Amino acid sequence: MIFRSGSIGQVALGALIISGISGIVVAYQYEAAIPFVSSVAIEAVLPFGAFWRALHFWSSQAFVILLGLHVWRRIGDLPRISQSPGKRRHWAVVGTTIPFAIFALFSGYVLRHDATGMAAGSIAEHLMLDVPFIGNGLDCLLISTGSEGVNRIYVVHFLMTVLCWMLGTWYHTKKVILRGGLFLLVLATSLLFSYIVHAPMDLPGQAVHLIKGPWFFLGVQELLRHLTPLVAGVLFPSIPVFLLISLPWFRPARRPLLLLGLWFMVYIPLTLVGWLR
Amino acid sequence: MNRRQFFKGAGIWGVALGLSYPLLKFVVAKRYRPPRKVHIRDTLETGQFLVEPEFVLFDTLKGPLAISRTCTHLGCRINYQEDEKIFLCPCHQSRFSWDGRYISGPAKRNLARFNVKTLADKKGYLVLL
Chain A
615 MIFRSGSIGQ VALGALIISG ISGIVVAYQY EAAIPFVSSV AIEAVLPFGA
665 FWRALHFWSS QAFVILLGLH VWRRIGDLPR ISQSPGKRRH WAVVGTTIPF
715 AIFALFSGYV LRHDATGMAA GSIAEHLMLD VPFIGNGLDC LLISTGSEGV
765 NRIYVVHFLM TVLCWMLGTW YHTKKVILRG GLFLLVLATS LLFSYIVHAP
815 MDLPGQAVHL IKGPWFFLGV QELLRHLTPL VAGVLFPSIP VFLLISLPWF
865 RPARRPLLLL GLWFMVYIPL TLVGWLR
Chain B
99 MNRRQFFKGA GIWGVALGLS YPLLKFVVAK RYRPPRKVHI RDTLETGQFL
149 VEPEFVLFDT LKGPLAISRT CTHLGCRINY QEDEKIFLCP CHQSRFSWDG
199 RYISGPAKRN LARFNVKTLA DKKGYLVLL
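Going line by line, the protein sequences match chains A and B. The first sequence: position 234 = 848 (my numbering), numbered continuously. The second sequence: position 47 = 145 (my numbering), numbered continuously.
Keep in mind the hints are simulated off the structure, nothing from the lab. None of the values given here were measured: they were computed from a predicted structure. Where hints are given, some of them may not hold.
[Unchecked claim] Straight-line Cα separation of at most 25 Å, BS3-like style, residue types lysine-lysine; simulated pairs:
id, chain 1, residue 1, chain 2, residue 2
1, A, 826, B, 183
2, B, 106, A, 701
3, A, 788, B, 106
4, A, 826, B, 106
[What the hints assert, rightly or not] Reference listing, derived: stretches of chain A covered by chain B, where coverage requires no fewer than 3 residues with Cβ under 8 Å from a Cβ of chain B:
id, region
5, 642 to 652
6, 834 to 843
[As the list claims (entries may be wrong)] Here are the simulated distance ranges between beta carbons:
id, chain 1, residue 1, chain 2, residue 2, range
7, A, 784, B, 199, 52 to 62 Å
8, A, 763, B, 179, 51 to 61 Å
9, B, 100, A, 638, 40 to 50 Å
10, B, 118, A, 879, 36 to 46 Å
11, A, 697, B, 100, 17 to 27 Å
12, A, 703, B, 150, 45 to 55 Å
13, A, 879, B, 115, 40 to 50 Å
Note that beta-carbon positions come from the ideal geometry of N, C-alpha and C, so glycine has one too.
Okay, chain A solo, but in the shape it has when bound (with noise of 0.2 Å):
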């Protein structure tokens, strides 16, 4: 029997040490002082180059959605783990893992570096800059693609991967829980997804009226139409962060689960929105 209980934080793993592996592979030829050629010649001209990036971007994506499954099956616990300030932390240090997760994946769009990396960098860049008082600090620390290009981010893509994998497995689990089968399930699917689907990317000139952000960035950019850039880019998407780390410190956690179920109600709909523009 391959599935058992906890099998999605395994197979969330899973999908993290493939996109690793296959990150690093990719990174042999990626040059971030020339982003937006080199990833062209991985898509199009290197040998193996589009299924190496598919591998990779496929397998991010895999994670981050296996991960927010993940801490989803978890919520359950929470009466437990709300007993216990040991486990609080530990619930609210795994929890860091989500923004970790999706920086990553994030920056992982930047780098490509087409319309749409340009776009998310420049975006992300802007919105860190209206934080009050440590705008420019996180800015420097995790972006700056307006004066040092991909450089930074580049760096910071490879910190938040190793960041994801040291909670999740040093400090979560106590040591790295992934039994073979499971895994090699997981390489499977993956090998098999990345040969037949290609990761996406813009071409020049192809989009010149709109670019559409990542998928989990809909809301957040349907939202920057209409309010501003603190409050939809910078306010907004920290709520459900605050909350789900803050959810055992709540007993019962009804109020604060319903506050991130209303969030959803809202973001679902503006992502909706976005994706059929």
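Could you slot chain B onto chain A? The hints should help.
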């Protein structure tokens, strides 16, 4: 908390805070970058334009004009729509007139203009970014 735990905790926090300062100072420091010069080896007639990655160059009766392609909303690279003579941001659909004045959308501010001059031999332009 006993004395041993206190000193252990204080030691860890001390090292962490002590390293944070040089780390942040190093990361936040901006290296000086001189303004970039872009030479355009092309001549434009009045009303013609040239699209470059960072700006669109127009030649007008009052002289050349280099309009930045960076949207004043969130920094997306905007495109010049020749048929409507406007700039359109593909991210959030802000619109600007051909000379960079704000028309509509979330941007609210005019596009930046770069310093540009005609070369001495009249066979091109020099744009300072």
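Hints versus structure:
1. 826(A) - 183(B): holds, 24 Å
2. 106(B) - 701(A): holds, 22 Å
3. 788(A) - 106(B): Holds. Residue 788(A) to residue 106(B) sits at ~22 Å (cutoff 25 Å).
4. 826(A) - 106(B): violated, 50 Å
5. 642 to 652: violated (count 0)
6. 834 to 843: Coverage by chain B holds here, the residue count being 5 at a Cβ distance below 8 Å.
7. 784(A) - 199(B): 52 to 62 Å: Cβ of residue 784(A) to Cβ of residue 199(B): about 56 Å, so the range 52 to 62 Å holds.
8. 763(A) - 179(B): 51 to 61 Å: violated, 28 Å
9. 100(B) - 638(A): 40 to 50 Å: holds, 45 Å
10. 118(B) - 879(A): 36 to 46 Å: Distance hint for residue 118(B), residue 879(A) holds at roughly 39 Å.
11. 697(A) - 100(B): 17 to 27 Å: holds, 25 Å
12. 703(A) - 150(B): 45 to 55 Å: holds, 53 Å
13. 879(A) - 115(B): 40 to 50 Å: Given about 41 Å between the Cβ atoms, the range holds.
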